[in-house]
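Got chain A; can you put chain B on it based on the hints?
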Amino acid sequence: MTTQLEQRIDPTAKNVWRINAFIEFFIFTLVIIGYLVANWLWWSLPNWPAFIVFGFVMGLLIFNLFILPTIRLRIWSYQFEEDAVLIQSGLFIIKRTRVPMARIQHIDTEHGPVMRLYKLASLTITTAGTVHKIPALKQETAHQLAAEISVIAKVRDDDV
Amino acid sequence: MGEGRFSIGYLLTPLGFAGLSFLIGIFRWIFYTYSFEEDRLIVRSGIFVKKERVLKKARVQSVNLEKGILHRILSLSSVHIETAGSVSEAEFSMSAVKRDAAHRLKQFFEAEVSEDSENQYDYRYKASYNILWKAALTSGSIGFILSVLAFFFSQVFWYLPDRVTDALYGWFFQSGIGVIVMLGAFLVLIAWFVSVIQYMVRFGEFTLMKRSDEITIHRGLIKQKALTFKRHRVQSVLFVEGLLRQPFKYLTIDVDIAGGVNYRDQARTSLYPLVKSSKAHDYVSTLLNKTLAKDTLEPLDKKACRRYLFRAAIIFVLPIGLSFINIIFIYLLLFLPVSLLLGYWRYKDAGTYEDSETMILRFRWIARTTVFVEKYRIQSIEVTQTPFQKWRKFATIHVHVLSASGKSSYSVRDLRLAKALKLAAYSVKSI
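Residue numbers (the numbering used here), protein chains in the order written: chain A, 167 to 326; chain B, 50 to 480.
One chain only, chain A, in its complex shape:
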C-alpha cells in the first residue's frame, strides 16, 4: 500500500501541531522554572535534574516542530466515496480502513482554539462498534461530510 488515498491532511495542520508543540513546551518550561524557584526559596534539592528534564523538553520541541508534523502529514490520507469513507494511516504498519456510510452512527467534529484559527477540525466517525479518526481537515469539508452522512439514513429495517 505504497499508494496514498486521494485526500491528504490539510497542510496548514502542520502549523496547528507546531503551535500546540510550543504551548506544550511553554507549560513544561513553566513547571521546570517553578521547580527551580521553589528550590531556591525553600528546598535545597539539586538543580541538575531540572536541566536534564529541560534538555529532554528541548529535544521534544525540536522533534515536534521539525520532524513529527511532516511525518504525520505524510502518513495520513483519506477518501470519501459514494458509499464509504476510507482512511489510511501508519508509518511502519500501514492500515487502511473502510467504513461503509450505511454503518456510520454519528460523526463528531471537534476544533480547539488553535484549530479554529486555521479553520480546521478533527473528525471522528463512530459506528455501532468501532471509532475512526481523521486528525485534521477543513471545517467546511467536515461539516459537509457530516451533513451528507445524515442524509444517508439507515437503510435496512433489520439494522441495529
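These are calculated hints, taken from the structure and not from any lab test.
C-beta: ideal position from N, C-alpha, C; glycine also.
One or more of the hints may lead you astray.
Unchecked claim - If you only want the chain A side, here are some residues facing chain B, beta carbon under 8 Å, derived: (1) Phe-258; (2) Ile-259; (3) Ile-260; (4) Arg-262; (5) Thr-263; (6) Pro-266; (7) Ala-268; (8) Arg-269; (9) Lys-285; (10) Thr-293; (11) Ala-294; (12) Gly-295; (13) Thr-296; (14) His-298; (15) Lys-299.
Unchecked claim - On the chain B side, residues computed to face chain A include the following (Cβ under 8 Å): (16) Met-143; (17) Ala-145; (18) Tyr-425; (19) Ser-429; (20) Glu-431; (21) Val-432; (22) Gln-434; (23) Thr-435; (24) Pro-436; (25) Leu-451; (26) Gly-455.
As the list claims (entries may be wrong) - Label-pair restraints from in silico Cβ distances: (27) B:Val-387 / A:Leu-231: 51 to 57 Å; (28) B:Phe-193 / A:Phe-258: 28 to 34 Å; (29) A:Phe-229 / B:Arg-280: 51 to 57 Å; (30) A:Leu-231 / B:Gln-247: 54 to 60 Å; (31) A:Phe-229 / B:Phe-373: 35 to 41 Å; (32) A:Phe-258 / B:Arg-355: 16 to 22 Å; (33) A:Asn-205 / B:Lys-439: 37 to 43 Å; (34) A:Glu-306 / B:Arg-148: 58 to 64 Å.
Only chain B this time, still in chain A's reference frame:
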C-alpha cells in the same frame, strides 16, 4: 470501656453497620415498585432521591432471566431487560423477583405469549447428554486449565522451603523419563477432568427454542441462564472446528449477537454446542432462515506458506537463546515440529470467499474457524501491512462486526495485497 480488655464496642460497630445496611436494604425493597401501563413498564425506586424510569415496550430488545443458586433456593429470578444500544450494561436490572412475576415481565415484553409457552415454539432443539458429553470431552479448554495449573504450581514452588525444592529437583532429575511422562499424563488427565466438569456445568440442559423470529437459549446445570434475542440481531455465524473435534467431523456453531450483555462469560454465543459438520448448514438455515454460501474458499497464495512457517518457528528463538543459560531449555525444541505443523495448518486452512452479499473468512489459531458475514453487517474493514508484508506484497484483512461485548474482529493473515484490497472495497449494495 476498659483498656486491654475485650470490649463489646468492637463487636457493635460492624454489627451496627450490618444492621444499617440491612435496614437500608429493606427500605430500598419497600420503595422499589414497578407497574405496567399499556405499552410501558414503569419502575420507581429511591428512598430520598426518587427515580422513575419508563421503558417502552417497542424499545426492548430482549428480556433475560437468570437464576443463581440462592435464587433457586428461594424460587426467585433476576431479570435483565435490554434495549437497543445498551452495550456496556443491561439497561435495566432487577436482582430478585418472584419467579412467576419474572415470567409475567418476560411475557409483557414478548408479545402474544400464552401460559403454556412450551408448546408454542415452532422449533425446539435440546442437546442430548450423549452430544454434551462428546462436546465436553473435546472442548478445547484443557489447554487453558493446564496453563492455570502450571501457574498455580509455579507459585506454590516459590513458597516451598529450599530443602523441599532441592529434594524435588533431585527426585525429578533422578527418576527415569517414564515417571516424568506418567506425571505429565496424570496432570493432563486432571486438567481434562476439570474441563469436562466445567463444560457440563456451563452447558448442561442446553435447550434452544424458536418462536417466529425470537430465539431463546437455556443452559447451565447450577446457574441456569436464559437468553432471548431476535433473529435479525445475529451479526455473524461461526463454524468452530476444535482440534479434537475436527477429526471426528464435529463442530460448534457460534454467533455474534449485537448489543447484549447477558452472556458476559462468553464473547460469542453458542447456538449449537456440537453438530455433525455435514449438517451444520442445515441447522443454520432452519434456525435463522438463511442459507450460508457453501462455495469453496479461495486459498492463500503458495508463497504465504513460508511466512506462516517462519512465524511458527520464530517463537523458538527464545528457548535456543535460553539454552545457553541452562541446557534444559533445549528440550522445548521438541515442540518445534508441533508448532511447524500447526503453522502449516494455519496456512492451509486460511481462505476467503465473497459474493455479492456475503463474505466468508476462514482462519485457524488452534481451532479452525469459518466466519460467515453478510456484507451489510460489517461495521468497518481494515487492511494492514507490516514492513515485511510490504516487501512481499502481502497484507492482513480485519473485519469488524458488532457483538455482545462491543465488537468482534476476524482476521486473515497474508493475503495478496491486491486480493485484500479487493475484499475491502466490496460495494455495499445500495438498497
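Taking the hints in turn, this is what the structure says about them:
1. Phe-258: holds, 5 Å
2. Ile-259: Cβ of Ile-259 of chain A sits 5 Å from chain B, so the hint holds.
3. Ile-260: The hint holds - Ile-260 of chain A has a Cβ within 8 Å of chain B, the shortest such distance being about 5 Å.
4. Arg-262: With a minimum Cβ separation of about 5 Å from chain B (threshold 8 Å), the hint on Arg-262 of chain A holds.
5. Thr-263: Holds, because the Cβ-Cβ distance from Thr-263 of chain A to chain B comes to roughly 5 Å (cut-off 8 Å).
6. Pro-266: holds, 5 Å
7. Ala-268: Holds. Min distance 6 Å.
8. Arg-269: holds, 5 Å
9. Lys-285: Violated, because the Cβ-Cβ distance from Lys-285 of chain A to chain B comes to roughly 28 Å (cut-off 8 Å).
10. Thr-293: holds, 4 Å
11. Ala-294: Interface hint status for Ala-294 of chain A: holds (5 Å vs cutoff 8 Å).
12. Gly-295: holds, 3 Å
13. Thr-296: At 5 Å from the nearest chain B Cβ, Thr-296 of chain A passes the 8 Å test, so the hint holds.
14. His-298: holds, 7 Å
15. Lys-299: Given a least distance of 12 Å, the restraint on Lys-299 of chain A is violated.
16. Met-143: violated, 25 Å
17. Ala-145: violated, 30 Å
18. Tyr-425: Because about 7 Å separates Tyr-425 of chain B from the closest Cβ in chain A, which is inside the 8 Å limit, the hint holds.
19. Ser-429: holds, 4 Å
20. Glu-431: holds, 5 Å
21. Val-432: With a minimum Cβ separation of about 5 Å from chain A (threshold 8 Å), the hint on Val-432 of chain B holds.
22. Gln-434: holds, 5 Å
23. Thr-435: For Thr-435 of chain B, the interface hint holds, since the closest Cβ of chain A sits about 5 Å away, which is under 8 Å.
24. Pro-436: holds, 5 Å
25. Leu-451: Because about 5 Å separates Leu-451 of chain B from the closest Cβ in chain A, which is inside the 8 Å limit, the hint holds.
26. Gly-455: holds, 6 Å
27. B:Val-387 / A:Leu-231: 51 to 57 Å: Check passed, 52 Å falls within 51 to 57 Å.
28. B:Phe-193 / A:Phe-258: 28 to 34 Å: Check passed, 33 Å falls within 28 to 34 Å.
29. A:Phe-229 / B:Arg-280: 51 to 57 Å: holds, 54 Å
30. A:Leu-231 / B:Gln-247: 54 to 60 Å: holds, 57 Å
31. A:Phe-229 / B:Phe-373: 35 to 41 Å: holds, 38 Å
32. A:Phe-258 / B:Arg-355: 16 to 22 Å: At roughly 21 Å between Cβ atoms, Arg-355 of chain B and Phe-258 of chain A fall inside 16 to 22 Å, so the hint holds.
33. A:Asn-205 / B:Lys-439: 37 to 43 Å: violated, 51 Å
34. A:Glu-306 / B:Arg-148: 58 to 64 Å: holds, 60 Å
The earlier numbered hints that this structure contradicts are 9, 15, 16, 17, 33.
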